[in-house]
Each structure stands twice: as C-alpha cells, then as structure tokens.
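Peer 1: Those protein sequence lines, which keep their order, are chains A and B. Residue 194 in my numbering sits at position 194 of the first sequence, with consecutive numbering throughout. In short: position in the second sequence from 1, add 206, done, that's my numbering.
I should point out that these hints are in silico values taken from the structure, not numbers from a laboratory. Be aware that a few hints might be false.
If you want the footprint, here are the derived chain A segments under chain B, 3+ residues with CB under 8 Å [claimed, not checked]: (1) 29 to 36; (2) 71 to 82; (3) 175 to 182.
Idealized CB from N, CA, C, for every residue including glycine.
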Amino acid sequence: MSCDAAGVVAALRSAAEVVEAHRDELVTLDREIGDGDHGENLKRGFTAVLSKLDNAGDTPGAVLKVVASTLISTVGGAAGPLYGTAFLRAAAKLGTEPELTASSVVDALAAALEGVVARGKAEVGDKTMVDALTPAVAAARDAAGSSVAEVLRAAADAAGKGAEDTVPLVARKGRASYLGERSAGHMDPGARSTALLLRAFADAAS
Amino acid sequence: MKKIINDPSTVVTESLRGLAAAHGDILKVRTEPAVVYRADAPASGKVAIVSGGGSGHEPMHGGFVGLGMLDAACPGAVFTSPTPDQVQAAIEHVNGGAGVLLVVKNYTGDVLNFETAAEFAAAEGLDVRTVVIDDDVAVKDSLYTAGRRGVGGTALLEKIVGGAAEGGYSLDECEALARRVIGSVRSMGVALTACTVPHIGEPSFVLEDDEIEIGIGIHGEPGRRRVPHQPAEQLVQTLLEPILDDLPFSSGDRVLLFTNSMGGTPLVELYLAHGIAERLLADRGITVERRLVGPYVTSLEMQGMSLTVLKVDDEMLRWWDAPVRTAALRWGA
Chain A
1 MSCDAAGVVA ALRSAAEVVE AHRDELVTLD REIGDGDHGE NLKRGFTAVL SKLDNAGDTP
61 GAVLKVVAST LISTVGGAAG PLYGTAFLRA AAKLGTEPEL TASSVVDALA AALEGVVARG
121 KAEVGDKTMV DALTPAVAAA RDAAGSSVAE VLRAAADAAG KGAEDTVPLV ARKGRASYLG
181 ERSAGHMDPG ARSTALLLRA FADAAS
Chain B
207 MKKIINDPST VVTESLRGLA AAHGDILKVR TEPAVVYRAD APASGKVAIV SGGGSGHEPM
267 HGGFVGLGML DAACPGAVFT SPTPDQVQAA IEHVNGGAGV LLVVKNYTGD VLNFETAAEF
327 AAAEGLDVRT VVIDDDVAVK DSLYTAGRRG VGGTALLEKI VGGAAEGGYS LDECEALARR
387 VIGSVRSMGV ALTACTVPHI GEPSFVLEDD EIEIGIGIHG EPGRRRVPHQ PAEQLVQTLL
447 EPILDDLPFS SGDRVLLFTN SMGGTPLVEL YLAHGIAERL LADRGITVER RLVGPYVTSL
507 EMQGMSLTVL KVDDEMLRWW DAPVRTAALR WGA
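Looking at chain A on its own, in the form it has when it is part of the complex:
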C-alpha cells in the first residue's frame, strides 16, 4: 500500500470489512462477559466511517481525525470514546506529515495507547483493550528500524497474542468487572477488536 492519505483510506476500508465480518464474533464475546453490544456498536461506527472516507483529507493525520470524530459520535458505549481518543491522539501525533514512516507509525501507536489509558484508566492485566495495545506498541517499537508494513505486522501479532492472553484474566474495568471471577475464561472483546483492527491495517500495508 502507499503510505499517504489514500493508503490510509484503503486500510480503513479493509478495517471496516473486517469489523463487519467479525461483528457476530464480537457480539458473542461481549455477551459472555458484558452486554453483547460491542460488535454491533463497532460495526455501526465503521459503517459511518466508510461514508466519510471519500473526502476525509489530504494527510494520514487528517484522515484519522475524521475517523476519530466519527467513532466518538456513532459508537457509544465505552468503545466510542476509547477508540475515538486512540485515533484522535494518533492523528495529532502524525500532524500534517504527508506520508507515514515506520517511526511515525510507532509514535502514533504509542500516542493512541497513552490516550486510551488516560481516558479509560485501565492498566495491563485489567482485561481490556489495553492488554492488546500495550504489547502491540512494544513490538512496534522493536520493529521501528524496518518498514511501515513490518511495524504494523509486529504490532498485530503482539496484539493478537495479548488478546489471547486476556482469556484467563479476571476483569477489573468495564462492565465485565461486575462478574468478578466469572469473567475469567473468556477473551476480552475490546482486546479482540483491537487485535482485529491492527491485523487489518497490517494486511493492508503488506
């Protein structure tokens, strides 16, 4: 893929397809330990994103800013402000640079994580999207000397593993925390969707 605004738009289109394809899976995961709306909410959000991509902007940062405001105003739940904040911080970090580089993608991912932590106040081990995003940022940083595609692939691999690792955890944030010990044995839907999105971006970039 190209690393300019058009490339980012293409990656977002495939992310929207992935969200649509995994809508039922996310609903099922969320029904186990939450209230079952994550897949539907994210699908609604990314459908809205699709409708805005045509005139989203001339730089990767501008495109991601549109994604952020669209998700904030359409997703609802905790995922809306959290994903919205993640994309907003990433957009701010990218600023007006015309093309992504390996190191700017690393910085954007790190900024996204900081934003999610600041808004949601979750820590690693709380069984949230932070458990996917934190190892993703670390792996991306290790791959910073390579290409955009390699950085995203490393992040997606680590996020997938991080999401898997949420299965035995007892939730300490979000609606799943009300279940206490009963939340163990299920993958966190937010961690799963984070891993899915990063995988979609990595696939689009390779």
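Guided by the hints, dock chain B onto chain A, whose structure is given.
Peer 2: Chain B alone, transformed into the frame defined by chain A:
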C-alpha cells in the same frame, strides 16, 4: 425473537417518534443527534438537569423529561450509552443560563461519553457539573471493579433534584443535594428471565426454568450469583438485606421505598413483593414515608424486580412531593 418492531436498527428512532406523539404537551424530540427535551426549553434562569443512557430502560430517561424533573434526556442505542454529541446538543438546547447538571449512571461507557461532552461544554465556558450515581449494592465497590452501577436510585435522584431545580435551587445547591441523595440510596435487583436486545436477537444470558440471577444490572448483563428460584417472601429478603446492611439503614430511619419491575414482571406480583418489603422494613423499625411502585427503570422485557431504599430527610421529601409533569410521573401539576 418476537417483538413489535419493524427493523432492529430503527427501534429507538421509531419509539422516540411515538413518545413525542403521545406526549407533545410535555416534551419534544429531535434526531441527529437524538435528544428528548422539555417542550418549554430552555427554562430561563433555572438550573437544567440533563441525563441519559442506553435505551431499553423506558420510561427512564425520556419519560422523566418535563416540569419538575429532567430538562433533557439523551437516548443511546439499546443498552448503549449515548454519544458526546447528543449530550452536547442537549446541553446547548436546555441551558437556561443558570448552569447544567449532568446526572450519569455509573457505567464505564456512560461516564466516558458524558465526561467527553462535559469537557467540550466547559471549553465553551458553560457551567456544567456532573454527578454519578452508583446505588447498586450487588457490585463490590473496589479498585478492582468499575465500581457500583447506577440503577433504580436514578429515578428517585432525578425526581428530587429536578424538583429542587424547578423550585429555584442554584447549581451548587442542586449538585450538593444530588450528592446527598446518591450517598443515601441503595438498590438490588433480580432477574427471573433474561431479555433480548433487538439487534442481537438472542437472550443476553440463559436462565433455566428453576433459576434466578441475583444482583443483575439493568443492561441484561449477568449478575453475581445464580440461585434456585425461591418464594417471594424469601426473594424480597434476599434483595432487602444487603441493601439495609450496606448504608446501613437502622431502626428509626425514614425512607422512600421504590419497588421496580424490570419490565416483564406484572403489577400483581410487584405489589405482592412491595407488601412484603413494607412489612420487613416495619419489622426493623424503619418508617416508609413515601413509595413508588411500578416499571420505571426497566431492562426491556426482562422478568424480575429491584428494590431501592432511600434514607430521606425533610428536604428530600419536599422535592419528592413537589409538582412533576412527565410521561411517567405526574402529580401536583
């Protein structure tokens, strides 16, 4: 799934249209983004009370919009918190110049979305305060959970603080009263059946015929423990005891008792349960000063109930008794 709907994706919008048609003298509805607001908004010089949350809890919150209660309600998708742009639109629409109090139920999504909207409003120089209600004793409040949920107590809070705002309380006074109500109210619920979110199409959890779920929230999420079904006498005790032990309530206290249906439990059963709760409170020397019985904070078609006990004082009673004219509650006006 059998529901009186056309399309799962338009349930909330179509329902709001019906609400507006039914109660046009009290409230108005705007869409994109969706807000239910008082027909006479903005009420100049009065503190505006704004709440909201996922749909599926009707009459909360849209049915609480009107004189003496809410100035606006922001309905999210079913069981999904509203988005910040809805809350911002509500604030702009009803701000009468005396400030805005946001009443938020303690769920991660609700808190995050209202917080985001409050930040935007503050950046525009508006005086916006937020109170978060967390009355559900079924959830342990600790560093290791998202904290207690906001459930039945929300209806009482919105009535009392809404009455006070109508009566001329300042924003500071409304906020202080709201915090006092939040500190004095406790709730606990039980589900006999799960409920089905329209766009999901399947029940949110499965209960066998002889099972009930103690400590459910209002979003179809499972509770803390599953036990065999029990007679009403025992069930009401199961709900009431953790409430009374928590605050704690003690002999000589004056309370408002709210017996709430989760949507599918009929009034014949609800009154039966309410009668037991009144007797159990009297046995403990607790005086029930006011009551509310009915489906006010619901979870779609879920069968089940919740009990809410608010320790009242004269100030709270005054604003509880004050005139109210909404779709769901109407007295004195």
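Peer 1: State for each hint whether it applies.
Peer 2: Hints, one by one, checked against the model:
no. : hint       : result
1   : 29 to 36   : holds (count 4)
2   : 71 to 82   : holds (count 11)
3   : 175 to 182 : holds (count 6)
Violated hints are absent here; each numbered hint is respected by the structure.
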